[in-house]
Amino acid sequence: MSDLRTGARVVGALGARSIRQTFRRPQLISPIVVFPTLLLAIQTGGAGAGIELPGFPPVQSFLQFMLAGSMMQSMMLAGNSGGIAFAVDIEMGFTDRLFASPIPRFAIVLGRLAGTAALGLFASLWFLAIGLIFGAHIEGGIPGALLAIALITTSAIAVGGIGAAIALRTGSASVVQGLFPLVLVVLFLSSAFFPQELMVEPAKTIAEYNPFSFIVEGVREPIISGIDATQTLEAVAAIAGIILLGLGLSASALRHRLRTG
Amino acid sequence: MPAIVVEGLERSFGEVLAVQGIDLRVEEGEIYGFLGPNGAGKTTTVRMLTTLLLPTGGRAGVAGFDVVAEARQVRASIGVALQEAALDPLMTGRELIRLQATLQGLPTAAGRKRADELLDRVDLSYAADRRVGGYSGGMKRRLDLAAALVHEPRVLFLDEPTTGLDPVSRKTIWEEVQALNDDGTTVFLTTQYLEEADQLADNVGIIDRGLIVAEGTPEELKGEVGNPHIELTVGEGAVPEAERVVAELGKLRPRKGDGKVLLEVENGAGDIPRVVRALDDAGIAVESLELVRPTLDDVFVEKTGHHLEGEGGQEGEPAGEEPAAA
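Protein chains in written order, with the working numbering: chain A, 1 to 261; chain B, 262 to 587.
Everything labelled a hint here was simulated from the structure, so no lab data went into it. Among these hints, one or two may not hold up.
[To be verified] A partial selection of chain A residues facing chain B, derived with a Cβ cut-off under 10 Å: (1) THR6; (2) ARG24; (3) ALA47; (4) GLY93; (5) LEU258.
[Stated by the list, open to error] Not close to chain A: a few residues of chain B, all C-beta gaps over 10 Å, as computed: (6) ARG336; (7) ALA347; (8) ARG392; (9) ASP427; (10) PRO515.
Just so you know, even glycine gets a beta-carbon here, dropped at the ideal spot from N, CA and C.
Okay, chain A solo, but in the shape it has when bound (with noise of 0.2 Å):
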C-alpha cells in the first residue's frame, strides 16, 4: 500500500474519530448547534425590521440575511471545539499513542482537520435547512447553495488549523478554550451580522480588511442574490491565506512538541 494511501486512510480515520468525539461530548457540539441557531432567532425575531435602514443591502428577509453570518459561527466554533479537542487529547496522553505509531505525523494535524470540516459541512447544512424551513429564498439556486457549502467547509479547515497550532504550541484545553470570547470579536469585527455599508468607524474600517468579511459575503451572495465571481474568488483567497496559515503554524507547533517530548 503506498504512503499516500496509507496516509489517507489514517486521516480519514482519525476525521472520523474526532467526528464521533465532538457528537459524544455535548460541550463541544453545543457551541456549534446550539448557540449560533438561538442568536439566529434573536436576532431575526428582535432586529428583522433592520432590512428597512438605507443602506441596507437588497434581501428577501433578515433571517436570509444572516444564514452566513450563522454558519460563520458555527464554523469558527466548530475550529474551536476542535483545537480544544486536540488539546485534551494532548492533555490525556492520546496524541502519544498516535506519535508511536508509523504514520506521517501531520497526518495526526490533518485528520483532525477533516474531523473539523466534516463539522463545518454538518454546520453549513444546518443552518441553509433551517433558513429553507423558515422561509428563505437560496437566490443562487443549488448550484449556489453548493458554493456555501463549500466556501464553509474549507473555512472550517483554515480555522481548524489555527485551533490545532494553538493546541500543539500550548497542549491546553483551557487556552484554547479561552480563545471563545476572541471568536466572537472577530466575527463582529466583521460583516457577519452587520452590512459594512452601515458600520461606523472604527468598526467599519476593521470589518473591510478582516478576512472573514471577504469569506462571510462569499457565502452571502449565492444567498441573498446569487453567484458572483469576485466575491467568490475573494472568500477563496482569504480562506486559502488562513489556510496556509493555519497549517504553517500547526507544522512549527508540531515539531516543537515532538522536541520536547
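Chain A is already provided as a structure; the job is to place chain B on it using the hints.
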C-alpha cells in the same frame, strides 16, 4: 542481533540531566525489567526508545533501527503501552483497537479480525462495544496492551503496566506478558515493583537518578549483596544466649528486636538443621524460623543507599527549554 542497544543515552531538560549517559542491551526474546523509583528516569528512557522524545546525547537502536535516524521503522517494529493508559474515554474498546490497526497500516478487514482476536485474548469481548470511560483500571490496562499488540510487534514497551492495579488485575497482566514472551516477543518493562521485576524479568536494570546502578539477572543481582539469612524467633530474654550459640555457624546480623536472631548462612536451607540442632542442644526453644533470601530492594539499598519502594515523587520530565532538534 540484540532487540535494544543503548550507548551513552542522555536526555537533559534545561539544566537537569534526567538520563545521564546510560548503556544497556536487551537480547531478542528477553523480558528486560527496568526498575527504579519514581523520577529515576524510567519513563524518559522509554520515551526516547519509542521515538516520542529525542535524546540529547548518545544513541539507541531498537529492532535494528536507530531511534532518531530511522524513527519510523522503529515505530513499525514496536508496541507501546504507556504509563497512563492513553485511551480516549469516549471511544469503545472495539473502536480503539480498530483505529490502532489502521494506524499500523492493517487493511480494514484484517484490522477488524485482529481487533476481535485481541479483545478475546485480553478477555474484553463482553465489553468491546462499551465506552472506555466506563472500564475499570484493569480493563483499561488490558485494552491498552491489546492495542499495543495489533501489529504483532517485535519489541513491546510496557511502562509501569500494573501501577495502581489490584492484585488480581496485576496477576492477569503478568500472565499475559509472560505468554507474549513465550511467543517470542521481546518485552521492555519498566516498574517500581520489586516483585514484578523478580517474577517476570530475565534481566534487570536498576536505574536511580538517571544512572544505571546495577544490571544482571535477578539471581545474580541478589547474589551480589550476600547470602540468605535465617530469622529465628527465640523470645526476648533468650536472644543473647542464642546469638552466642549460633555465632560460629554463620555471620550474625544486627538485631531487629522482638526476640529475633538474624544469622547469615552460606548454604541457605542446608544450614537450617545444624542451627536448630545447636539451639536444641543449648536448651533454647525456637518459636519460629524463616529463611530470608536477599531481595532486589537489598540490591537497591546496597547500590544507592536508599530503599526502592515507597519513595520519590511523580516521574516526569522536568520543565525546561527544549534541546536542539535532531
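Now for the hints, and whether the structure bears them out:
Because the smallest distance between the Cβ of THR6/A and any Cβ of chain B comes to about 5 Å, under 10 Å, the interface hint for this residue holds. At its closest, the beta carbon of ARG24/A sits 4 Å from a beta carbon of chain B; the interface hint therefore holds under the 10 Å criterion. Checking ALA47/A against chain B by beta carbon gives a least distance of about 38 Å; that is not within 10 Å, so the hint is violated. Because the beta carbon of GLY93/A sits about 4 Å from the nearest beta carbon in chain B, less than 10 Å, this interface hint is met.
Among the interface hints, the one on LEU258/A holds; its C-beta lies about 8 Å from the nearest C-beta in chain B, closer than the 10 Å criterion. A cut-off of 10 Å between C-beta atoms contradicts the statement that ARG336/B is not in contact with chain A; the least separation is 4 Å. Remark: the non-interface label on ALA347/B conflicts with the geometry, its nearest Cβ contact in chain A lying 4 Å away (cut-off 10 Å). A beta-carbon of chain A is positioned within 10 Å of the beta-carbon of ARG392/B; the least distance is around 8 Å.
Distance to chain A confirms ASP427/B as a non-interface residue, since its nearest Cβ pair spans about 22 Å, more than 10 Å. Every CB of chain A lies more than 10 Å from the CB of PRO515/B, the least distance being 45 Å, so the non-interface label holds.
Of the numbered hints stated above, those contradicted by the structure are hints 3, 6, 7, 8, listed in ascending order.
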